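Protein chains: 4
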Amino acid sequence: MLGAAAALASLTALGRVDAQTKRGRGGDGTLPALPEFRRLVAANRILANEGVVDAFGHISVRDPRNPKQFVLARSRSPALVELGDLMEFGADGAPLEARGRTPYGERMIHAAVYEARPDVMSVVHHHAYAVLPFTITNTPLKPVIHTASLIGAEIPVWDSRTKFGATDMLVRTLEQGRDLAKTLGMHTCALMRGHGAVVVGGSIQAAVLTAVYMLVNASVEHEALALGKPEGLSADEIEKSATTQLSPLALDRAWEYFCQRAGVDPV
Amino acid sequence: MLGAAAALASLTALGRVDAQTKRGRGGDGTLPALPEFRRLVAANRILANEGVVDAFGHISVRDPRNPKQFVLARSRSPALVELGDLMEFGADGAPLEARGRTPYGERMIHAAVYEARPDVMSVVHHHAYAVLPFTITNTPLKPVIHTASLIGAEIPVWDSRTKFGATDMLVRTLEQGRDLAKTLGMHTCALMRGHGAVVVGGSIQAAVLTAVYMLVNASVEHEALALGKPEGLSADEIEKSATTQLSPLALDRAWEYFCQRAGVDPV
Amino acid sequence: MLGAAAALASLTALGRVDAQTKRGRGGDGTLPALPEFRRLVAANRILANEGVVDAFGHISVRDPRNPKQFVLARSRSPALVELGDLMEFGADGAPLEARGRTPYGERMIHAAVYEARPDVMSVVHHHAYAVLPFTITNTPLKPVIHTASLIGAEIPVWDSRTKFGATDMLVRTLEQGRDLAKTLGMHTCALMRGHGAVVVGGSIQAAVLTAVYMLVNASVEHEALALGKPEGLSADEIEKSATTQLSPLALDRAWEYFCQRAGVDPV
Amino acid sequence: MLGAAAALASLTALGRVDAQTKRGRGGDGTLPALPEFRRLVAANRILANEGVVDAFGHISVRDPRNPKQFVLARSRSPALVELGDLMEFGADGAPLEARGRTPYGERMIHAAVYEARPDVMSVVHHHAYAVLPFTITNTPLKPVIHTASLIGAEIPVWDSRTKFGATDMLVRTLEQGRDLAKTLGMHTCALMRGHGAVVVGGSIQAAVLTAVYMLVNASVEHEALALGKPEGLSADEIEKSATTQLSPLALDRAWEYFCQRAGVDPV
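Chains as they are written, first to last, in numbering that gives the first Met the number 0: chain A, 0 to 266; chain B, 0 to 266; chain C, 0 to 266; chain D, 0 to 266.
Pulled out of the complex, with its shape left as it was, chain A reads as follows (with noise of 0.2 Å):
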């Protein structure tokens, strides 16, 4: 997906030890490289890299050194993020230092789910294709594998025209950002009419691997609809797998594929 030398860069970028103080900033501005901060650099890549991000989508992770603040890349696809991309941005959305740098235009999504959603440490915003058809049908997404129980028993619908009227479809404002966290709730995934699905965790690698599976299980629950009527898991079952697809056991591993078929270190 990239050249080999800009691949080389990256790679390199991302497994740097970096002497600058964990509290501070790059003497360029550049934010330190924290571990979260290499990882959502990471889970940029993957996300591109496993199809559940094209041109557009993001991911984000509440600041680890002040948990009123997030961090978000700048509008760039996920495949392209580099450590140098990512911005600051504070409860309310907007940028702490842009120094020209343009912000994603649905960066609300993440204000207002942080805002809402102590327990969230990471949100992802997605438009992945196997996702779409459930976001404009009836048919609920609901989990039918075992791998995808972290998606959780219930995914409510977001329809950004019951509050707000014919949009440009995005969330653009923190008023359209606390509505779809409302819908969202305690929920780990909601779908947006039309137009994609917000997928929450409690860490990075926890958001990509829920993220990964979302769209597995709405492929496989798709084609299972042509074969009959698709016997989901329980709610019992949903609770008990989701608690071990999100142990080490599993979410390590999964990390670990994940980071090498996108080429980048674990971290």
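Treat the hints loosely; a few may be bogus.
Same chains, same names: a pair is fine if it fits in one copy or spans any two.
No farther apart than 20 Å at their CA atoms in a straight line, the calculated lysine to aspartate or glutamate pairs in the EDC-like style are these [what the hints assert, rightly or not]: (1) Lys141 - Glu153; (2) Lys181 - Asp158; (3) Lys141 - Glu174; (4) Lys181 - Glu35; (5) Lys162 - Glu238; (6) Lys228 - Asp158; (7) Lys162 - Glu230; (8) Lys141 - Asp158; (9) Lys239 - Asp167; (10) Lys239 - Asp158; (11) Lys141 - Asp167; (12) Lys228 - Glu35; (13) Lys162 - Asp235; (14) Lys67 - Glu114.
Rather than coming from a laboratory, the hints here were simulated on the basis of the structure.
Predicted, not measured: the structure shown is a model, and the values here were computed from it.
Knowing the structure of chain A, use the given hints to seat chains B, C and D on it.
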């Protein structure tokens, strides 16, 4: 897709700072490396890499030096097109200087659209597999996801048989091209029965983005039909979302991404 | 698909100017590197790369030195076939000089088709996944897109069981091959129930192009069935379009493209 | 899937002529590089490369040095498994010498199958996406193409809930494994509701070939259902064809192909 040496040579050619005069032609008859022409080469590679075209299909640009002319590759698969393959055509679709090169059999699609639509700067003709089913059935292709809003609310279908009877299915004459352009009207896309589609844009980047998400929309709409009756975007949403998708926020991000994936320098 | 060293060695072998006499055989028993034989190696790689064949399937060419013979690789997956793997077979399907090499179990398909069809210069036997569903249901495979017109208006289905009862499904005897050839008749393609297809051409390039777009057509027709009743090309359109697709305009362009994608020099 | 350096290192490890004694263990505790163990590493890579497994799934081999033991990788995604990741397990599924390595949570699948089936030399557990829909609907998976005849005429479905109620869906105890093995009986494949499948073979190569074509068959059968009622192979055809597919003619050809595609030396 290309051998390493060939790819390197191409990239070098694309990135080269060209000393030729802007209005002139290279000493060897090659077109000058204007941004529009280098972008056209990149667009060929992108359309191939994103699966919009395969061995067949093409993209042209209105000549920035003379709006009555257009530039299109010689008869070669888009994945392989280089700067030296570009040819100039007059308003009637005749090559200005063939120098032994064979033009595409369907260049009249481009000639007729540029004639009918002064607002159009670039034309794509493609046979994307996901779009083809919509050319041979009665299910209308319509925007069901916001990233595809730029395909427009209505996509007419042209049937060569209506006016020209049984042909070899190609648009070979200016008369045929004009009939297709009439069906296209002021729309952005038109389908061609049992054949493919034509997509137009106010720039190469816009035409490419539209063609790519036309394919994505077709795929999502197709899959949604297995789940129920897909709900499309409203006319208002389509208009507002299309404006957003054509803004630099979305267009520049997608172009950088497509170029990197296709292994060409963004230009 | 191949390691770098192996790929390099193959490419060198393919591109080599061969000093062997046109009618002779190399000192080591290898066939001379006639264009037809180098093209046959390229065709093997192309069919694998385009997903027409996988571990199984094969392509042969009528021997340009003796039209009563044909040339086919030893029992090896097409993706891996090299010049040294090519073997000569007599009209009865027996190897002329095996030198310890195992021939394909189904070489009788080729023997029988060359016997029945003097117009045929190349035969492909494949199990393309997209085509297989049409071998086990009553939905007929028919050209619905112009690029696939060369598969022909009618594609008969052969069932090994009709004449030979329960077998291991392979065409192992000349008698079985002749029965299949009889079903094929003067058509370009025939399906084999629960097994695959046979495709013939007036040249290697024609057979390969037909096999590739047979797959594309199957996929498009399959998807169209979810949208409504797919409208096929008319018999007139099929005939005219097939002539165009077999002209140098289309055939040469596609061959160059397929070769580049498969990493072989066009020959 | 792997960086160049890592890939090179793996290939070297796979190809290495190992001076360790056949019955012994390397000085560093690593298993000796017996053909079966090197083949097991290759099988891991192949299953990942062919899409049979993703982050999850595993393959084991009965220990050639002691048929009461089996060898399986530590808890690591199959795409990344190397010789040093292989662990030995006793008949009860307990690791013989863990040395700090975490075993797969579902190793009891393997323990129970080796216990119940002395004829089995290799066991695959996978969650191939194309197979999963058949685990949650009433449509039976059955051989519809001859290359998949080796999956067997009947494929039973195991449901963890029947005997164990709501669990985390994993086969964690020997009791659960034995219940699954009982459902498997003398069949070659069994499906697991909402989870995946188990596939057995008389050799690693046979188990891999079966698992790959189980996936292909699922995909073809699924697509055929959109075209009509798919006609399966008869019981006689399945038996005869399976014998052919397991003969060196087919098995060796496929193994060489799978190895090359996965970037490992055939062993």
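So, going through the hints one by one against the coordinates:
1. Lys141 - Glu153: within (7 Å within a copy, 29 Å between copies)
2. Lys181 - Asp158: within (12 Å within a copy, 37 Å between copies)
3. Lys141 - Glu174: neither (28 Å within a copy, 30 Å between copies)
4. Lys181 - Glu35: neither (27 Å within a copy, 47 Å between copies)
5. Lys162 - Glu238: Between copies, since 19 Å is at most 20 Å while 32 Å is not.
6. Lys228 - Asp158: between (26 Å within a copy, 17 Å between copies)
7. Lys162 - Glu230: So lysine 162 and glutamate 230 pass the 20 Å test across copies only (18 Å; inside, 34 Å).
8. Lys141 - Asp158: both (18 Å within a copy, 19 Å between copies)
9. Lys239 - Asp167: Answer is between: at 5 Å across copies they meet the 20 Å cutoff, but 40 Å inside does not.
10. Lys239 - Asp158: between (31 Å within a copy, 16 Å between copies)
11. Lys141 - Asp167: This pair counts as between: shortest inter-copy Cα distance 16 Å, intra-copy 28 Å.
12. Lys228 - Glu35: neither (42 Å within a copy, 42 Å between copies)
13. Lys162 - Asp235: between (34 Å within a copy, 15 Å between copies)
14. Lys67 - Glu114: For lysine 67 and glutamate 114, only the intra-copy Cα distance (8 Å) is at most 20 Å; the inter-copy one is 56 Å.
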